[in-house]
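Undergrad: Heads up: the protein sequence lines correspond to chains A and B, in order. Each residue of the first sequence is one higher than the one before, starting from 3 at the first, in our numbering. Each residue of the second sequence is one higher than the one before, starting from 3 at the first, in our numbering.
Just to be clear, a hint being listed does not mean it is correct.
Simulated DEER-style distance windows between Cβ atoms [said to hold, decoys possible]:
(1) A/LYS23 x B/ARG184: 45 to 55 Å
(2) A/ASP98 x B/GLY59: 46 to 56 Å
(3) A/PRO46 x B/ILE7: 18 to 28 Å
(4) B/ALA108 x A/GLU26: 31 to 41 Å
(5) B/GLY203 x A/PRO46: 43 to 53 Å
(6) A/PHE75 x B/ARG10: 19 to 29 Å
(7) B/PRO145 x A/HIS54: 33 to 43 Å
(8) A/SER25 x B/GLU81: 53 to 63 Å
(9) A/SER80 x B/ASP204: 29 to 39 Å
(10) B/LEU212 x A/PRO102: 20 to 30 Å
(11) A/GLN86 x B/PRO176: 26 to 36 Å
(12) A/LYS23 x B/GLU73: 39 to 49 Å
(13) A/PRO27 x B/GLU26: 35 to 45 Å
(14) B/GLU77 x A/PHE75: 43 to 53 Å
Simulated coverage check for chain B against chain A, where a stretch passes if three residues somewhere in it have a Cβ under 8 Å from a Cβ of chain A [unchecked claim]:
(15) 10-24
(16) 123-129
(17) 154-162
(18) 182-192
Calculated from the structure, these hints are not laboratory results. Quantities reported herein were computed from a predicted structural model and do not represent experimental measurements. Glycine residues also receive a C-beta, built at the ideal position from the N, C-alpha and C atoms.
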Amino acid sequence: MHETGIAVEILHTAIGIAEGKASEPNLKLVKVSVAVGELSAVDPELLKHAWHAVVGDSPHFDAILEVRWCPVFRHCPSCNEAKQSGDGSWLQICPDCSGPLAVEGGRELDIESVEFDQTRKAQLQ
Amino acid sequence: MSEIIEVRRRLHEENDRCAALLRERFNAAGTLVVDLVSSPGSGKTTLLEMTVDYFAGILTTAVLVGDVATERDAERIREAGGPAHQIITGGACHLDAHLVADGLEASGFELPDILFLENVGNLVCPASYDLGEDFKTVLLSVPEGDDKPLKYPAIFSRSAVCLITKSDLLPHLPFSPEDAMRHVNLLNPDALILQMSAMNGDGFEDWCHLLEREHQAKRAARV
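Taking the hints into account, I'd like the entire structure generated from these sequences.
TA: In structure tokens, the structure reads:
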């Protein structure tokens with residue numbers, strides 16, 4: 003599943019970020035916050051499921067993945083109105099007048115913050 | 003006590019940094035780089051066999067092939083006369099910039115006029131990874147159906163070129179090229195769409211002429 007690979011990347015990147023700040027080894031992730039855009043081709047719910055699977059057998063087994071959903075904003079300059087998201091979010095052409103749409107946002111796939119704990123040694127479940 | 007680090011970092015930042023370095027290298031050499039993506043079985047390897055053969059003696063080409071397992075596709079391209087190096091991803095369902103950089107190193111290739119990256123057969127994950135390419139080319143074969151672009155909007159919206167392959171099957175299947183093109187253009191109004199068949203050669207020279215033009219433009223832009 004696509005989201006599994008993304009979850010693995012998030013885990014490895016978060017660990018790397020935390021290790022860069024930690025004053026001692028054996029840190030434990032507490033929470034990772036990510037922003038997922040509507041045009042990132044990542045499903046937030048599938049990503050959370052994948053996260054649980056990926057961290058399950060690791061020292062970070064109870065780390066939480068918090069996902070902030072970032073919608074795409076589509077505006078038609080010809081109709082001078084915003085166009086609805088949902089199934090048609092990827093379309094670059096206005097469904098009403100067939101003119102080109104102005105598209106903003108929705109491409110986020112960012113790690114926003116990493117919370118980790120140094121006081122407890124990381125242990126396997 | 004826990005510590006919170008505010009990061010605001012793109013998840014693919016490392017990949018994109020590697021891709022930018024690759025792109026600098028390709029640009030300095032005047033190498034046109036094309037990332038071919040498609041579902042498994044849409045005809046990427048067959049197209050590359052024909053393409054490397056066409057350009058023999060005209061332009062130098064090379065292929066980096068990504069697959070989960072086996073060297074079969076690289077072997078086919080080498081038999082067709084093109085230098086090819088297989089990247090075994092060992093489970094990863096897409097190429098990323100680091101795999102391309104490592105593959106280039108391992109191949110020993112001198113950068114050619116045109117470098118093809120044959121991505122792992124997958125219409126989802128390759129859309130998200132910059133490989134340092136000039137443009138992505140997505141293959142859509144006639145048996146897959148003309149509504150495929152709407153089902154996989156990310157890759158079709160991010161590919162500058164769409165090749166409708168296996169067009170020799172059109173008389174036998176309910177595939178509307180007009181609908182397929184309309185669906186692609188809904189997602190990417192600027193996409194160039196070509197129809198072709200490896201069986202009868204239809205449309206193949208249009209693909210090769212496109213590559214020649216893009217290569218010339220790249221060389222002309224080289225600083």
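Undergrad: Establish whether the coverage given for the stretch 154-162 of chain B by chain A is satisfied; the threshold is a Cβ-Cβ distance below 8 Å, and no fewer than three residues must meet it.
TA: Coverage by chain A holds for the stretch 154-162 of chain B (3 residues, Cβ < 8 Å).
Undergrad: If I claimed the Cβ atoms of A/LYS23 and B/GLU73 lie 39 to 49 Å apart, would that claim hold in this structure?
TA: Once the Cβ atoms are compared, 43 Å apart, the range 39 to 49 Å for B/GLU73 and A/LYS23 holds.
Undergrad: Do B/ALA108 and A/GLU26 keep their Cβ atoms within the hinted range of 31 to 41 Å?
TA: About 38 Å separates the Cβ atoms of B/ALA108 and A/GLU26, which means 31 to 41 Å holds.
Undergrad: How does the stretch 123-129 of chain B fare against chain A when you require at least three residues with a CB closer than 8 Å, holds or violated?
TA: Answer holds; 3 residues pass the 8 Å Cβ test.
Undergrad: For the range 46 to 56 Å, tell me whether the beta carbons of A/ASP98 and B/GLY59 fit it or not.
TA: 52 Å, holds
Undergrad: Is it true that the C-beta distance of B/PRO145 to A/HIS54 lies inside 33 to 43 Å, as the hint says?
TA: 37 Å, holds
Undergrad: Could you check the hint for me, namely that A/PRO46 and B/ILE7 are 18 to 28 Å apart, CB to CB?
TA: 22 Å, holds
Undergrad: For the hint 43 to 53 Å, verify it against the beta carbon of B/GLY203 and that of A/PRO46.
TA: Once the Cβ atoms are compared, 46 Å apart, the range 43 to 53 Å for A/PRO46 and B/GLY203 holds.
Undergrad: Could you check the hint for me, namely that A/SER80 and B/ASP204 are 29 to 39 Å apart, CB to CB?
TA: 37 Å, holds
Undergrad: Do B/GLU77 and A/PHE75 keep their Cβ atoms within the hinted range of 43 to 53 Å?
TA: 48 Å, holds
Undergrad: Is the hinted range of 45 to 55 Å satisfied by the C-beta distance from A/LYS23 to B/ARG184?
TA: 51 Å Cβ-Cβ, so the 45 to 55 Å window holds.
Undergrad: Quick check: does the Cβ-Cβ distance between A/PRO27 and B/GLU26 fall within 35 to 45 Å?
TA: The hint (35 to 45 Å, Cβ to Cβ) holds, given that A/PRO27 and B/GLU26 are roughly 36 Å apart.
Checked against the numbered hints above, the structure breaks none of them.
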